[in-house]
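These are the residues of each chain, in order.
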Amino acid sequence: MAELNTGDSGGGKGGKIRSKKNSGSVDLTAMVDLAFLLITFFMLTTTLSKPQSMNLAMPDKDPDLVEKNKTEVADDRTMTVLLGKDNQLMWYFGQLQAPFVAPTKEVYGKDGIRKVLLQYIKSVPARYGNDPKKGLIVIIKATSEANYKNIVDILDEMAITKVQTYAIVDISQPELDLLSTQGLN
Amino acid sequence: MAKAKRKSGKTSIDMTAMCDVAFLLLSFFVMTSTAKLPEPHPVDTPSSTVQQKLPEANLAMVTIGDEKVYFTISDRDLRGPVLDKVAEKYNITFTNEEREAFKLMDGFGVDIKQLPALLKLKGSDRNKEGVQGGIPYTEDNNQLSEWLLASRFAAREKGEELKIAIKGDALETYPMMKKVIDMMQEQKINKFFLVTGLRGEDF
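So the protein sequences, as listed, match chains P and V.
Our numbering applies: residue 1 is where the first sequence begins, and numbers increase by one.
Our numbering applies: residue 1 is where the second sequence begins, and numbers increase by one.
For the record, the hints were derived by calculation from the structure and aren't laboratory data.
This one's a predicted model, so the numbers in the text were calculated from it and none came from an experiment.
Keep in mind that the hints are not guaranteed to be accurate.
[To be verified] Only part of the chain V face toward chain P is listed, based on derived beta-carbon distances under 10 angstroms:
hint, residue
1, 19
2, 28
3, 33
4, 51
5, 53
6, 166
7, 174
8, 175
9, 177
10, 181
11, 182
12, 190
13, 191
14, 194
15, 198
Every residue gets a Cβ at the ideal spot worked out from N, C-alpha and C, and that includes glycine.
Take the sequences, apply the hints, and build the full model.
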């Protein structure tokens, strides 16, 4: 009884020759062929998503501005990360001549530098009574042995650990010497 | 003898479900994808966790791979004025056809003197390996810097600020990246977009 009333109002009862009721199957082979052809085409010619991007702001190099905006960096908030060769890095806390934490070798990733960063991002503001303006400062210095991936990796760690203040700066000779003695340069 | 012969005839399989799946996938791909632009020098970008889309408009992209530099201007209406400015600087005249061809070309990386020859090539031949050897960026012949400057001027005339993206190969050395970044900083560009792929935090 579940039949759709197709509009003829009962008049032609019995008079119509119904076509044999089949399941209404259309040959879909060609349609499927076409659909898969298009899928293949789209898969091969497109990239799945727009590329991601990462913001990078470099410190200004204009000598006048550099003089004017000289940032005083407290050495007990400053961590320096030195990027060496073979995906290795070294970090120290404070100044190189008199570091609070001596230069230590570390690797990239969650078991390496991220643990250190997470530890300091908590401990540094705590020392200043959780003043949000006095957080951890990270200075990134790359040697000529480091590659672009290393730079992106360390910037990524900054984003993950939410370090607010960081900068990429040129490396100094004593630091290069230090890395050489450790086999990282 | 008693083997029952199958009725030979059309074996029809119900294709409905297959058709449904195929079209579902098709619509998924159509909606989520953007066309892949042909590049003169494909690079493997490093990945990051930052989920920020690369802006599409008013973007100039510097692609760095194998110590070679390529330049892409995203907006077609920007490309004409940029070419004019650079051509004027280097005293090269481009015909109208060449200018139109340049507008349709996405990325390029040749010396400006070879640009007319490159524009004469078919689009499919331009991106063959070895055709484009990179834009010169040495101190005494810094064409990359000129392209950048011209693009920024052209964008400024449109009332927009040009955004600069750097697309570097993951294994490109830091000095090479630094050279390009330093060159941009000389023009007082201090903000860049680094083009990266996407990854999770677990690495």
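Going down the list of hints, with the structure as the test:
1. 19: 5 angstroms, holds
2. 28: 9 angstroms, holds
3. 33: Where the cut-off is 10 angstroms and the nearest Cβ of chain P is about 3 angstroms from residue 33 of chain V, the hint holds.
4. 51: 6 angstroms, holds
5. 53: 5 angstroms, holds
6. 166: 8 angstroms, holds
7. 174: Holds - the Cβ of residue 174 of chain V comes within 10 angstroms of chain P, reaching about 4 angstroms at its closest.
8. 175: Cβ of residue 175 of chain V sits 5 angstroms from chain P, so the hint holds.
9. 177: 5 angstroms, holds
10. 181: 6 angstroms, holds
11. 182: 8 angstroms, holds
12. 190: 5 angstroms, holds
13. 191: Since the shortest Cβ distance to chain P is 5 angstroms, the answer is holds.
14. 194: 4 angstroms, holds
15. 198: Since the shortest Cβ distance to chain P is 5 angstroms, the answer is holds.
Checked against the numbered hints listed earlier, the structure breaks none of them; every hint is satisfied.
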